[in-house]
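**Q** Sequence:
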Amino acid sequence: MNDFLMIHDVVIAGAGPVGLFLACELRLAGLSVLVLEQAEDPYSPLKRLPFGMRGLSAPTIEAFHRRGLLDDILAPQREKDQSTSAHWMQQSRRAGGHFAGIQFFHDTIDTSKWPYRLPGPAGSMAVEMEHLEFVLAARAGAMGVEIRRGLGVDGFEQSGQGVTVRAGGEIFRGRWLIGCDGGRSTVRRAGGFEFVGTDPEFTGYSAQVEMADSEKLVPGRHYTPTGMYTYQKPDTIAMVDFDGGAFHRTQPITPEHVQSVLRHISGADVTVTGLELATTWTDRAYQATAYRKGRVLLAGDAAHIHSPLGGQGLNLGLGDAMNLGWKLAATIRGDAPDGLLDSYICERHPVGAEILDWSRAQVALMRPSRSSRALETIIRDLIDTRDGATYFAERVWGVSLRYDLGGSHPLVGRSAPDFELANGTKLGDHLREGKGLLLDFDAGAPLQALAGRWKGITYVAGDARDRLGLSALLVRPDGFVAWAGEAVPDNEEAAQAASRWFGKA
Numbered sequence: 001m002n003d004f005l006m007i008h009d010v011v012i013a014g015a016g017p018v019g020l021f022l023a024c025e026l027r028l029a030g031l032s033v034l035v036l037e038q039a040e041d042p043y044s045p046l047k048r049l050p051f052g053m054r055g056l057s058a059p060t061i062e063a064f065h066r067r068g069l070l071d072d073i074l075a076p077q078r079e080k081d082q083s084t085s086a087h088w089m090q091q092s093r094r095a096g097g098h099f100a101g102i103q104f105f106h107d108t109i110d111t112s113k114w115p116y117r118l119p120g121p122a123g124s125m126a127v128e129m130e131h132l133e134f135v136l137a138a139r140a141g142a143m144g145v146e147i148r149r150g151l152g153v154d155g156f157e158q159s160g161q162g163v164t165v166r167a168g169g170e171i172f173r174g175r176w177l178i179g180c181d182g183g184r185s186t187v188r189r190a191g192g193f194e195f196v197g198t199d200p201e202f203t204g205y206s207a208q209v210e211m212a213d214s215e216k217l218v219p220g221r222h223y224t225p226t227g228m229y230t231y232q233k234p235d236t237i238a239m240v241d242f243d244g245g246a247f248h249r250t251q252p253i254t255p256e257h258v259q260s261v262l263r264h265i266s267g268a269d270v271t272v273t274g275l276e277l278a279t280t281w282t283d284r285a286y287q288a289t290a291y292r293k294g295r296v297l298l299a300g301d302a303a304h305i306h307s308p309l310g311g312q313g314l315n316l317g318l319g320d321a322m323n324l325g326w327k328l329a330a331t332i333r334g335d336a337p338d339g340l341l342d343s344y345i346c347e348r349h350p351v352g353a354e355i356l357d358w359s360r361a362q363v364a365l366m367r368p369s370r371s372s373r374a375l376e377t378i379i380r381d382l383i384d385t386r387d388g389a390t391y392f393a394e395r396v397w398g399v400s401l402r403y404d405l406g407g408s409h410p411l412v413g414r415s416a417p418d419f420e421l422a423n424g425t426k427l428g429d430h431l432r433e434g435k436g437l438l439l440d441f442d443a444g445a446p447l448q449a450l451a452g453r454w455k456g457i458t459y460v461a462g463d464a465r466d467r468l469g470l471s472a473l474l475v476r477p478d479g480f481v482a483w484a485g486e487a488v489p490d491n492e493e494a495a496q497a498a499s500r501w502f503g504k505a
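For what it's worth, full-length UniProt numbering labels the leading residue of the sequence shown as 1, then goes sequentially.
Because the hints were derived from the structure by calculation, they are not lab data.
It cannot be assumed that every hint is accurate.
[Said to hold, decoys possible] Below, a list of computed lysine-lysine pairs in the DSSO-like style, where the Cα atoms sit at most 30 Å apart:
hint, residue 1, residue 2
1, K426, K113
2, K426, K455
3, K47, K216
Start from the sequences, fold in the hints, and give me the full structure.
**A** This is the structure in structure tokens:
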């Protein structure tokens, strides 16, 4: 170990959206952060339209709103030509999402089923990956995060005091190391994390092609006796070939191969004359059994991988970052209550496992079998009902996300509603600094005194346009409700919640 090397509080492997957002969260707490990224150039055609569009779930949108990032992220999308967007964005009805390609629509969703959500950022939005990474990298750089590109982590050794990281022939030291380096994570493998799950059933293809006879294909998404394909005019193809994942990353993707698979799945005698861009993927679904070993942590695809069906992988990783950042920061500062960092895996591992099963369920519905087609008919009928569309929206948008934090109120453990206060501010505006928030609608002296006992809690008093029957609530730095009080708040319960998440007063 070279003692003259600078010691960062945290070294992050991976400068994708998860690593960058996590770096911002840690810098918000004043920690020194180094991000190491294997790729020298962050730009890729796969991060742009038509393949680079990703849906953002409600928890992700709320997280970006609470950190003042949302306007910068969404600005270009408001101006983008929708003719270049996905086929499902070009319909007369506004699509809310899909389950294995079966769509649900906004006009069928019953938002009255969600009594603790207020008007605010939408339940889902779309963003181009390249732009998202650009905004997050710019924010990280402005906050003082050091980003080193062209330096992928090769290995590391950890001790009780820190981690020594090897990357591209250089040595770096950090008190903690976080692997955000994707599904083939070097940090996960070098750290000996157990990674378990289910092997792939198919190879998925995303391709931009030139075809001599594209009129033989019907636009939209189609199930066939041999697989599934989606065609968007004039040149975009997505396909699922149930080959057990045999082709993925084993051979070059050629026009001839794409043509062969497309003919097999579509049943149309099309001719592919050129291949502009192509990539493959699978439905392999694996998850680390633990997200921490000593001073090494995992987040994002390094901790869990699954098919991109439904676009929930990005949101799952960003949720990891929002959950982990403030907890690790408090641990490094030395003011974390007992077990705070352990709550990262306790809260996020079940969420990851649920998303993996959601992905597996979609694969089951996509199989080219008679039983799957029969099940598809039932799901289509259900998803077209008001209750069905509402259920699928809850799951796909992340509205149903709730951590088991105890507490007597049904809002505890859920994302805090974006209350509009009498002074014109909203709850999210008061979370920009990454501190907890005690929102006191009745401006009572006991709660103000209670908040003053913890330096990590901001006290805000004032009535709200709609307080949802509450008198006060305590919100964690990640925006999730730790305590909610009704007409006569239980100040002792509030103090216990504050001690649990913010340490001793």
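**Q** Now, for every hint given, state plainly whether the structure supports it.
**A** Right, here's what the structure says about each hint:
1. For the proposed pair K426 and K113, the alpha carbon gap of about 23 Å is at most 30 Å, so the pair holds.
2. For the given pair, K426 sits about 21 Å from K455 by alpha-carbon distance, which is consistent with the 30 Å threshold.
3. Between K47 and K216 the alpha-carbon distance is near 29 Å, which keeps this suggested pair within the 30 Å criterion.
The structure is consistent with each of the numbered hints, conforming to all of them.
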